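Peer 1: Single-letter residue listing:
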Amino acid sequence: MSTMAFLKRSPWILHYDASSCNGCDIEVLACLTPLYDVERFGIINTGNPKHADILLITGGINELNKAVVRNLYEQMPEPKVVVAIGACAATGGIFRECYNITGGVDKVIPVDVYVPGCAARPEQIIDGVVTALGILEEKRMKMSGAAQTKEETRHAVGEST
Amino acid sequence: MPERIVVPFGPQHPVLPEPIHVDLVLEDEKVVEAIPSIGYIHRGLEQLVQKREYTEYVYVAERICGICSFMHALCYSQGVEQIMGIEVPDRAKYLRTIWSECSRLHSHLLWLGLFADGMGFENLFMRSWQLRESVLDVLEDTTGGRVIQGTCKVGGVRRDIGQEKLDEMHHTLDPFEQQCRDLGDVFLNDETVKYRLQGLGVIGKDEAYALGAVGPTARGSGVPVDIRETGYAAYGDLGFKPVVETAGDCYARCAVRVKEVYASIDLIRRAIDGMPEGPLDVKVKGTPDGEYFSRVEQPRGEVIHYLRGDGTKHLARARIRTPTLANIPMLVKMLPGAQLADVPVVVLSIDPCISCTER
Numbered sequence: 023m024s025t026m027a028f029l030k031r032s033p034w035i036l037h038y039d040a041s042s043c044n045g046c047d048i049e050v051l052a053c054l055t056p057l058y059d060v061e062r063f064g065i066i067n068t069g070n071p072k073h074a075d076i077l078l079i080t081g082g083i084n085e086l087n088k089a090v091v092r093n094l095y096e097q098m099p100e101p102k103v104v105v106a107i108g109a110c111a112a113t114g115g116i117f118r119e120c121y122n123i124t125g126g127v128d129k130v131i132p133v134d135v136y137v138p139g140c141a142a143r144p145e146q147i148i149d150g151v152v153t154a155l156g157i158l159e160e161k162r163m164k165m166s167g168a169a170q171t172k173e174e175t176r177h178a179v180g181e182s183t
Numbered sequence: 011m012p013e014r015i016v017v018p019f020g021p022q023h024p025v026l027p028e029p030i031h032v033d034l035v036l037e038d039e040k041v042v043e044a045i046p047s048i049g050y051i052h053r054g055l056e057q058l059v060q061k062r063e064y065t066e067y068v069y070v071a072e073r074i075c076g077i078c079s080f081m082h083a084l085c086y087s088q089g090v091e092q093i094m095g096i097e098v099p100d101r102a103k104y105l106r107t108i109w110s111e112c113s114r115l116h117s118h119l120l121w122l123g124l125f126a127d128g129m130g131f132e133n134l135f136m137r138s139w140q141l142r143e144s145v146l147d148v149l150e151d152t153t154g155g156r157v158i159q160g161t162c163k164v165g166g167v168r169r170d171i172g173q174e175k176l177d178e179m180h181h182t183l184d185p186f187e188q189q190c191r192d193l194g195d196v197f198l199n200d201e202t203v204k205y206r207l208q209g210l211g212v213i214g215k216d217e218a219y220a221l222g223a224v225g226p227t228a229r230g231s232g233v234p235v236d237i238r239e240t241g242y243a244a245y246g247d248l249g250f251k252p253v254v255e256t257a258g259d260c261y262a263r264c265a266v267r268v269k270e271v272y273a274s275i276d277l278i279r280r281a282i283d284g285m286p287e288g289p290l291d292v293k294v295k296g297t298p299d300g301e302y303f304s305r306v307e308q309p310r311g312e313v314i315h316y317l318r319g320d321g322t323k324h325l326a327r328a329r330i331r332t333p334t335l336a337n338i339p340m341l342v343k344m345l346p347g348a349q350l351a352d353v354p355v356v357v358l359s360i361d362p363c364i365s366c367t368e369r
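The listed protein sequences correspond, in order, to chains D and F. Heads up: take any position in the first sequence, counting from 1, add 22, and you land on our numbering. Heads up: take any position in the second sequence, counting from 1, add 10, and you land on our numbering.
Please note: incorrect hints may appear among the correct ones.
Distance ranges between label pairs, derived from CB positions [what the hints assert, rightly or not]:
id, chain 1, residue 1, chain 2, residue 2, range
1, D, P56, F, G347, 31 to 39 Å
2, D, P138, F, E201, 40 to 48 Å
3, F, G246, D, N93, 44 to 52 Å
4, D, P138, F, K175, 26 to 34 Å
Coverage of chain D stretches by chain F, computed from C-beta distances (three or more under 8 Å per stretch; other residues unrestricted) [stated by the list, open to error]:
id, region
5, 77–91
6, 97–109
7, 140–153
8, 165–179
To be clear, the hints were calculated from the coordinates, so they are not data collected in a lab. The structure presented is a predicted model; accordingly, all values stated were derived computationally and were not measured. We put the beta carbon where it would ideally sit given N, CA and C, even for glycine.
Isolated chain F, as found in the complex (with noise of 0.2 Å):
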């Protein structure tokens, strides 16, 4: 029987932007185990919502993470507008639903790039990295910023997209469906990416239910759970059908996001199509009691954020369980019998957020 050693994968990894320690145990170069430890970025913003008003925690919910940001604002603003019972215009609830297609884009294509990068592939990289700055421009143009927005609000969104800036979005958007389409073809149909992702890290449909996997990395199981579905914001009247693959390997998951990108730019030209009249918020008065589990789709899949207020203008507790941490039991699971090359892709197949997770 081959000697067993113990591989430390992390905190700090050229192929990782963000910390996460994995200690990998191998029989010579093959993964028999996989032990990880999260903590890196573990900063204790659950509490900061005893020290903020619910109002101004909508910044610091935004900052969970980077890259959804925009999403973690809009399920926070959610939960509390539900226990207050506030309906938010047609108007803001389509405005949310472009920026938070928009984010998904973005995460999507950085995720893209990223998972080039793991396998080697630097062209690759860098073509998604181009495509995601123009996403990048459309959100500097409406919100402001860049990375973090600012722009969803307890009560619906504080800043309007004008109809000349709407009509510009639907015109570029063919352009850059097909530049999307162009990049898609090399993830999907070119031999050495099928080659280096075809049969790695296989996961069954039961397994990825039992194991509650969320998002992409279900849907590529053939686990059909899309939180947009239920219709929060304007996925209702789009209507909305869930993208899913079965193969369950490192190539479905790939597949899965690559389709996304596809069905965010037809959610956008359908959202600017429909996009109704009115006002963009509506005034909120009173303090939040009582409490609700909202629920968001977000790039990486199912972010719940539990929210309970007392009656005071700050709330008793906030939980956040991101999507990251559901699907971390997948990854455990996926890492054994692996390469220890083929390490990095499969931990970037999960799409892994650490910042979300640790919060």
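The following block holds chain D by itself, in its conformation from the complex (with noise of 0.2 Å):
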């Protein structure tokens, strides 16, 4: 069993704004408030990447936000979703011809959900967040059953833990 099952129904969000127009930004922070009101589900946005399960990406990401985007990334503990929130996060939307813009968060790191619109409803943001909760929990199996299956080996092969 995975240290980690208490979480499994109160992810932690992580949400960072790569380039975007600050439309779907405010939604996403219109989600925490009393109409939405997400955190009734456990739902946490934290400022910590180290402490996040799911990472929140809006905008079509430029040159510069490549980086901190991917140092966010690979700050956050396995098993992680990424949701990636907008048309310019999914594409690049209307800057998709901007000099400035790569075009998308899945040329620099892997998407698990897309959630559409310009810019996003809150409720779509959430729909987005309760499929990425099913995939953090596929991921999560995953882990949980390759370490067994290396603990068994390990065993079979009679080296101790």
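Starting from the two chains in their separate frames, assemble the complex, guided by the hints.
Peer 2: Here's what the structure looks like:
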């Protein structure tokens, strides 16, 4: 059993604005406020990548932000899920022809869930996070499965743990 | 002499919804110098003006910033209309004013919430954002979009607000104003808030003027600049006086915004009362040839769109100067002398909108 099992339904979220217009970002924040209030599900917005399970990224990522996004992603502990929010995060959106835009989060880090919309609505963002929860659980099962197999192999060849 | 250390603040930071990087030079807990660096949201969308037709660029202009989106579209449209000599119908002007003021309301309530969060007053943050949702509901009802409206176009507006909806808005304004006043009362009169904000990040009137500050940041220091006084859209008819405070500290800047919330509600009420009948737009023919400096008062201050057309359907050049860029010199002067723990509050007090700044 994974030691992180107590986090099963209370994912902590890290939000980063990677060159978006702000529209999706304020909608991410709106999810936390009384009308939508995702904290009642145990979803908490953290500022620390080392505490986060789900990374919410908005925007098409410019040249300067590439390193920051990669850095944040690498600091997050496994298992982790990336949710790309809005049209820009998916493809570059209306800014795709701009000279400084990479054109989508998946050009820089692997993305698990795409949330459409310009700007994405809070309901859609919450839906994206709920989808991400399923993927997070799958990844966790896979990890603990892999750890168990490794342990059994070691036992089989007679190594001490 | 205490040792100097450099603390990087941002680009990813819990109080910042957007990335800005400031290197803070500290002596113990005291900030002695702040060196900002920007560029995390630079997209290069001024150049897009050469790739999109001048009527289509309105949608790009809206997405310069998701908070003051309507005002950017308005500023761009007014610029093109001036170049082409288009006179916009009165009803469109009034509708533009109503949506502008709704945007200002939601932006100020958003800022008040973030500011409360910055000073550690979580409850007030939630309450501000709860009130903001009712403004967004009106925007969604009347335009179809919560934060990106898409109703402003060159030559007028795309949608009408029916009389029934206008009456409904008018009725809900009174209870809404009461709720805003209850909220504002906490910001203006609560002892803990005062203790946290008064005397923090002080900039005098002359210095603010010399640094070229705009918007509530300048008005908090007693500089009475407000582009709405030039009377664009329907502001000329509605009569308007800028809100000015003189203390120049974070409390004054907060007070300006709280009072502007009341002023916006009043403007919306008067715009609904004076709403003229008539068409929503005029047909736009031809292509822009010429140049114009278009100015609009955003929630954060004066935004300037410089537009130049050369007679083709693509504009030759757009240059956008946004209020936060003008206010960053103020921020650099405010930070020295503040405690490290006060830095988030001081940074937020200029209402930084980074995606505007870097375009």
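Peer 1: May I ask which of the numbered hints given earlier this structure violates, with the numbers listed in increasing order?
Peer 2: 6 and 8
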